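**Student:** In order, the protein sequence lines correspond to chains A and B. Using this note's numbering, the first residue of the first sequence is number 1, and each one after it goes up by one. Using this note's numbering, the first residue of the second sequence is number 1, and each one after it goes up by one.
Worth double-checking, as some hints may not be accurate.
[Unchecked claim] Computed beta-carbon distance windows for the label pairs:
1. B:R157 - A:G140: 17 to 23 Å
2. B:A249 - A:T64: 36 to 42 Å
3. B:S102 - A:P27: 42 to 48 Å
4. B:L26 - A:I152: 31 to 37 Å
5. A:T64 - B:S116: 48 to 54 Å
6. A:A130 - B:S102: 57 to 63 Å
7. A:A181 - B:S116: 32 to 38 Å
[To be verified] Under the rule of at most 35 Å between Cα atoms (straight-line distance), these lysine-lysine pairs were calculated in the DSBU-like manner:
8. A:K125 - B:K175
9. A:K221 - A:K261
10. A:K147 - A:K8
11. A:K38 - A:K8
12. B:K129 - B:K230
13. A:K38 - B:K230
14. A:K20 - B:K175
15. A:K147 - A:K23
16. A:K261 - A:K125
17. A:K147 - B:K175
18. B:K129 - B:K59
19. B:K230 - B:K252
20. A:K122 - A:K38
21. B:K230 - A:K147
22. A:K122 - A:K147
23. A:K125 - A:K147
24. B:K59 - B:K230
25. B:K252 - A:K122
It is worth saying that the hints were derived from the structure and are not from the lab. As the structure is a computational prediction, the values presented were derived from the model and not from experiment. In this text, a Cβ means the ideal position worked out from N, Cα and C, and glycines have one as well.
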Amino acid sequence: MSEGLTTKYLEIQGVAQTFKTAKGDFPALRDINLNVAKGEFVALIGHSGCGKSTLLNLIAGLTTPTQGNLICANREIAGPGPERAVVFQNHSLLPWLTCFENVYLGVERVFGYSGVVDGKVKEDKAQLVARTHAALDMVGLTHAAQKRPGEISGGMKQRVGIARALAMEPQVLLMDEPFGALDALTRAKLQDELLAIVANTHSTVVMVTHDVDEAVLLSDKIVMMTNGPAATIGEVLHIDLPRPRSRVTLADNPAYLNYRKAVIDFLYTRQAHVEKT
Amino acid sequence: MSISLNKQIVTSIVAPFMGLALLVGLWALVSLSSTNNFPSPADTFLQAVEVFSDPFYSKGPNDQGVGWNVLSSLKRVAMGFGLAALVGIPMGFLIGRFDFMSRMFNPLISLLRPVSPLAWLPIGLLVFKGANPAAIWTIFICSIWPMIINTAVGVQRVPQDYMNVARVLNLSEWKIIRTILFPAVLPYMLTGVRLAVGTAWLVIVAAEMLTGGVGIGFWVWDEWNNLNVKNIIIAIFVIGIVGLILEYALIKIATAFTYEEVKS
C-alpha cells in the first residue's frame, strides 16, 4: 500500500485553464501540479467557483487544458473515455431508460465489444446482464432495476449513477460532488457504502466536495484549492487514518479532529471566501 | 368533503355546459331577430339528425354524404402532413445538430414561414396540374414549418449532461442518436406534430373552398351556393369536433412519451 502511494498513476503537470467569455478571457485555473497514485482516494476541496469541477472535467477529458499536460497510466488524456468513469453532480441518468438499462449502457460499451479493455474478449449478453445486476446489487438497488429514474428518490438516483460508473470497472473513478444534493442522513449512508466499495475494488478515486467531514472521512489526500479566479492548489493534506474507517469512532479521534481543523482553518481563515456583489 | 366535491362537480361539469348554453342562447337570439332566415338551433338540430342518418351516401362527385367529405379532407391532411413529417423531421435534426445547416436554412424559414399557405395554392395548381395534389401541397407547406422548427429546438436543447454521459461512455454516433437524441427530442417533435396538424386542419377547409371536389371545405362552399345555411352551421361543428379529436389524440401521445426530466 505504502509503495503504491508513491507511484504516479495520474499526473497533472502545469495545467492552466482559461475560458473565453463575452467579457474577455477568464482564467479559471493556473499552475496545477498533482500526482495521484493507483488506489489512492483524493478529495478536491475549496469554495464554490474555485475551479474544482473544472479540474475534474479536465481529468475526465471533457475539456482540454489551455496549458500543461494530463497523463493517466502513462498516456496523455486526449478525451473522455470509459476508463475514467464520471459520477455526475446531478446523476445524469437518462430518464427514458430503466435503472438497469442506464447501467447496462455503460457495461455494454466496455465489455460488449472486443478490444475496448486491453486483452479482454467480447462478453456475451448473459455476462453483461450479470455484470449489470452485480453493480446494482453492490449499491443495494436490485429491487429498483426495472424502475425509471423518475420513480425513485434522489439518493437512489445517485446510487444508480455510482453503479453505472463502477460497473465499467474504470481505472479512475471521478466524482463531482456526488452527494451534494442529498440530505445529511442519506449522504452519510452513501459515504459508508462508497468506503466499503472502494475498499473492495481498490479504485483510484478523485472526488470534488465542499464538505470537510466527507473529505477527511473518505480520503488519503485532501487537495485544498485557493479561491478563483486563477485558482491553484493551496495545500495538500495527507490523511493517515487507518482503514476501515468508521464515522462513529472517528468522531472523537484526536488525529481526525486535527485534520478536520486543518481543513477548516485553510478554508475559513486563510481562504475566507469574499462574496462578490 | 361533500362541499368540496359539489364544488368540483360545479366547476368541472356545470361550467362547460353553461358555456355551451350561452352559445346556443346567443345563436337563438340572432336567429329570432334576423330577417334573412338565419336558422334556429332547433331547426339546425333536426337537419343535423337528417344529415347524420346517412353520412355515407354518394350521388355523383358533387353530392356526397358528410362522412365522405370529412374522410376525403382527412385523407388530404394525412398525405400532406405525412410528407411534411418525412421531410421536416430529418431537416429539423440536421438544423439542430449542425450550426452550418442552421445558418443556411434559418433565413429561408424566416422568410417563407409567415406566408399564408393559401398563397402557395396557385403554385401547386401550376406545377401539379390538379386540384387534389395542389391541396395536398398546401397542407405540406403549412405543416412543415412547425415540425422543422420544433425538432431543431429539441435537438438544440438536449441537456449537455446527457451528451457528457455519451462522451464518457464513448458511445457511437448511431447509439447516441438512438438512445439519447431521439428520446430527448421526441416530446419537442410531438409538439411540432400537434401544431402542424392543427394548422393543417385550419388550412384544408380554406384550400378546398378554392379547389372544389369532395371535402368538408368544398361542402361548406357548395351549401353556401345552395343557400343552405343549416348545413354550413353543421359543417362548422363537424370541423370543430374533428379538430378537437385530432388535438386531443396528439396530446395523449405526447404525454405518453414525455419523461419527468424532459417535462421540467
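**Student:** Can you list which hints this structure breaks, lowest number first?
**Tutor:** 1, 2, 3, 4, 6, 7, 10, 13, 15, 16, 21 and 25
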